[in-house]
Amino acid sequence: MRTDLLTILVPVLPLVGAIILASLRRKLSANVAGGLATALIASSFVASVVLFMGFEASTGGRTVHMLDWISVGGMDIPLALRIDALSLTMMLIVTGIGSLIHLYSIGYMHEDERAPTFFAQLNLFSFAMLMLVMGSNFLITFIGWEGVGLCSYLLIGFWYKTPEYNYAARKAFVMNRIGDVGMVLAMVLLFERFGTLEYASIMDMATGGMNDPLMIAATLFLFIGATGKSAQLPLFTWLPDAMAGPTPVSALIHAATMVTAGIFLIVRSSVLFESAPFTKDIILWIGTATALIAASIGLFQNDIKKVLAYSTVSQLGYMFVALGMGAYSAAMFHVTTHAFFKALLFLGAGSVIHALGGEQDIRRMGGLKGSIKITFITFFVGTIAISGLPLMSGFFSKDLIMAYGFQHSPVLFGLLLFGALLTTFYMFRLLFLVFYGTYRGKAHPHESPLTMTIPLMVLAVLSVIGGLLNLPHLFGGHEPMKHFLETAADAIRYEHLGLSATTEWTLMGITTVLVFTTIAMAYGRFAKRATLEGAEADMPFLKRLIAQRWRLDELYAALFERPYGWISAHLFTTVERHVMVPVMNGVGAAALAMGGVVRKLQTGNTSFHLLAMLCGMIVFLLITLMSN
Amino acid sequence: MIVALLLLIPFITALALMFLRPTQQAKNVALISTLASLGVVLFAWSAYTGGTVIHYNMDWVPSWGLRFVMGYDGVGLLMLILTAMVFPFIIAAGYGEKLQHPSLVNALLLFTQTFLFGVFLAQNTLLFYIFYELSLIPVFFFLLYWGGEHRRAITVKFFIYTLLGGLSLLFGIIYCLGQGEGFNGDFATIGSLNIPTSVQIWLFWVLFLAFAIKLPIFPFHSWQPDTYAMAPLQGTMVLGAVMLKMGLYGIIKIVLPIVPQGVVHWQETVILLALIGAIYGGIIAFRQSDLKRLIAFSSLSHVGLLCAGLFAWNSYGVSGSLYQAFAHALLVVCMLYISGAMKERVGSSEMGAMGGLKVRTPRLAALFLLVLANAVALPLTQSFVGEWLMFAGLWQVNGGLALAAVSTIVLGAIYMLFAYQRVMLGPDKWALEMTDATTRDHFVLVPLIAITLFLGVYPGPILELVDVPVQQLLSSLSLN
Amino acid sequence: MEQGIITAIRVVPLEHYLVLCFLLFSIGVAGVVFRRNTIIILMCLELMFNSVNLLLTAFSAYHSDPRAQVFVFFIMLVAAAEVTVGLAILVMMKRNVDSVDVNQLNRLKG
Amino acid sequence: MLALFYLFAAISVISALIVVSARSPINSVIALVVCFLSIAGHYVLLNAQFLAMVHIIVYTGAIMVLFLFVIMLLNLNKATEPMKSLGTRIAAVVAGGLFFLTLVAAIRHGITVRPSNEFDAGVGLVRSVGMSLFNEFLLPFEVSSVLFLSAMVGVVMLGKKEAVLAASSAPVEPLTAAELERRKA
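Residue numbers (our numbering), protein chains in the order written: chain L, 1 to 628; chain C, 1 to 480; chain G, 1 to 110; chain U, 1 to 185.
Heads up, none of these hints are tricks.
FRET-style restraints, in silico, Cβ to Cβ: (1) C:His265 x L:Gly596: 35 to 41 Å; (2) C:Ala431 x L:Asp112: 22 to 28 Å; (3) L:Gly595 x C:Gln25: 41 to 47 Å.
Here are a few chain G residues that face chain U, going by a calculated C-beta distance under 8 Å: (4) Cys44; (5) Asp65; (6) Ala88.
In silico negatives: residues of chain L with every beta carbon more than 12 Å from chain G: (7) His408; (8) Thr451; (9) Glu495; (10) Thr503; (11) Ala558.
Derived by calculation from the structure, the hints in this document are not laboratory data.
The C-beta atom is built at its ideal place from N, Cα and C for all residues, glycine as well.
Let's have the full structure, built from the sequences with the hints guiding it.
Next comes the structure, spelled out in structure tokens:
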């Protein structure tokens, strides 16, 4: 009973915070609001930790029933939460990193007059995200799924006075919604098939039957949902634009938590995916393509947050590759480590931006390592973590995926390795351009306050040691995370990395050597730079194409946005105005015309009317006569 | 007693307002009257235990065997709750309108309420028809005398078009009355009418046309945008929130029981038309510059979905549709109220003239956002429950149709967010001081939003109400 | 004499009365349509009234039911009222348009 | 007795035809009086003595005199009435004839009337009509007085209105020719 209450408190605390802050947003100061929000999410974290401590993995999991939600006909969907290894993992990430980012935001947002609103929305996001990961059935997850979408919309457009930000917010929401169509259809289909949406029941029933068309359809729809939320091809273009929001938002929503919802969902329904290898193949290749395309774009970005955004998309691609190969625990592992180091990087970037008074263009940075030391060190840690330098958290998680890739096919390994090198290159390019060389900007850099640097330091530590969570046998560990997650998702039990130790060492060796070479290359090109290459117009074609993000935004604009506006306008001016309305007017015109005909009979001549009446009487009499 | 009260409270108040003309107190009197009606309905709800409650059953036209039967079942009660619940807010919305002769305006609104109650209380087809057409009369005068630009032409168009449907319905009803032995149009015996399938196939359209125009379904919708845009705010609210629900109710109470085979025969056609309307309305709404016209097209979109869900004719579809009808009524009132509130402040409902209003009216913006969440059917709002049930119902009919239906959630997001952006967001360009949400705005919007959220989290009370009647209806259909 | 009258009821078949009344009625109807003088039209109306009265009386006599005759009495009352009003209208019409031609009254033209 | 019936019938039909066809309204009125007298004869034949008397008093005595008054008052006794077009007249005659034929055809096939078994020749006497009128139909009888009252008021109003109007526009002038034309148009 006590744990039930605790479970319910985990999502409810941030919700309460959101409601309080939203209603008192004009009375609270930024610091009080931030403190309250942080305290609440931190309490959630504490509750999660308590739950985690008290959790016995062997039981599989518990469902906490809160309320009957939709119950009609044969449908019975309760508002219920599920506590198992998977949701606990996500809860810890969400509340833990969430708390740090809340704390960070106190410093970052203290000058903004709408800080209380910001914290309310941040708390609301935490609530939605917790609902997403804790839901005991698809529909509860969908509550969170849409909730985080809404919060993402609100937070991207937080500075609503700038039209471009609003556009970015709208774009994010709409693209997410396109994915949601898939999600809804998947839920409808699963409900039709299983008569319930409870994860536990579906996973029990779904075993058997390979390549059932219905399952393929359901999993594909789920995957479409995941592509929207987790920014995969073809729906990833919203994520870089989403950097319009305040940086803590980018860190929390668009790096650490929300964007991993798609991966969470697929792991949640891993049993379904196991019975649909076709879908898994599609996931694999879309993940690979996303990882490479996003990484390539990252090479040429000049906005510090945009680089990180494309890096996020690319890393998410890696996670999908893992899912596509059925390496669910590897994906979750990467989700976790990525949450650490990407949150760190974003917060670091935020600290840089804060230090430079809002400057985001790396062409006007440089040489900052002296002036903002803590930021530099932590950012450096983040960079080496994401690049997968040995013994960093990113090293373990990414290598695990690449090892699975090699097992799948060496070509895939090659592609993944190439992607990893690209990652290393653009991350170090970023690092060198921002912190090395000479300062090219005008503002006076100053180190951020303690509320901002503490989260950085904590995250830096986590980025370093995060690998321990799932230390492979090769390094003397026994993959604790994998075994923990097994209790929640059966499919993980069947994951098996069948490579010999030699092969693994060799692969690691190759990777490490190449990564160091890449770093050296990047150092040579960027570390001493005082200026940066010129306009895009001077670049060769391919380079320009990549620098312009493969012109995907333009493509979508030409293919969808503008035609949609055109259709909308013309449906109204042409179809509605010239077809529908005239048809309706036709009814009136017909009535008028008929009236015009009948009107002529109304001569007003009394004797004519009398005669007509007489004729009518005769006719009626005759009819009566005939019918007798 | 309940029936008599529901009909008499608004009717007598309306008469009093009409003859006494208390200009100053008219709105207060009307508000008290609607609140009293709401109280009566809530009492009826609390006392309702299931089945059909008949309050009056007496001879009406003995030579034709017609009887005067008044009462309600779960579905009727839902509609009564809906009507009673939105009317106080509609009256309250009038406090901001500066219309001439407020006592007459409120009298007309209360007359409308009386007849709407009559529609949902009638348990006889002909009685239903009479109230159905009666309810049009006060609205007609309201639109004709208090409407905006081109009110005469648009009102007459609307009237002719709706009456055309009504005529067709009357013909159908009379045809049916002439058919069965001993059939007198009572809802209780309506299912016993055994009309040959070949007849049902054309009779379906005769009966359905009236409701298709009222709702409106796709090719019959073109009266709607102009009328919504032209009508005074309260008129649009009545039309959008309650009057179109009469169409839904009529389909359930009349079309389905009389021509079940016809319904089965035309099911996919109607769903298809409805969904075309839903998508068509959703697409057009995106580029509308007038907020009220946008709401009209969004309503077309929502209603298309409603009708599609209804015509799934399974328990999810019908329950969802009814639930959504309730949600839609609240939603329309909220949206229109906000458009009115914006017009009050900016002076026009053109969105081109707005923008950046959030700076001046942050509370109103927040309320708008909550309404928007309901409009795009975010989970934990009322609309989501309805839409989810409808999607589940439609899937059982046809996967492709379900896909089309689900795609409307994207269209909804596109036009609603764009509208929100055009009205509220963007740089502050307003030199003048503007009042933020007033007490009146709170009085209207906050309770409505609260109901919306409450019923989104806990839809049980409403779903329970419709569950049993819907099951009965569907089981009687499968018997045929 | 009384005896003779009573036998008359028996001697003359009811059909004769029917035909006679129809004939009178039809003449009245034709007259209404035929003439343009409003006063003649009014007279034709009286003729039609009387044909109906006669018919009612005939039925009354054959059925031995005095109530029909009461109705005839009432019809006479109504006819008297109608004639006064009708003639008043006629006078008005003469004053206003200086004619009793019914074709002058075409204000009902749609 | 049958002969008497035929005589009255012939008189009434011929006089009715004269009513319709006479050019001068005075002649029509005279013919109508004759027609009504013959109908009174029919009443006598049917032993409806009360009705016969009332008929003569009300119709011949009151109504027809009223007609005569009006004709004289308005000076209508000249045969100035323009005839209707030939087509209308033919149509009228044909329609009237058709109407008659239809009615006759109706009774040919439809109505069969048998005299009642309990034959009572005294129904038309004042006594029995009076009993019926003042027992069964007392209320309608009383109400009919209201009808008369209202008719009277109506007539007075109709007659008076013009006077009021005339009084308001001080010198009562006859309508000008142009005004007449306008009104006729």
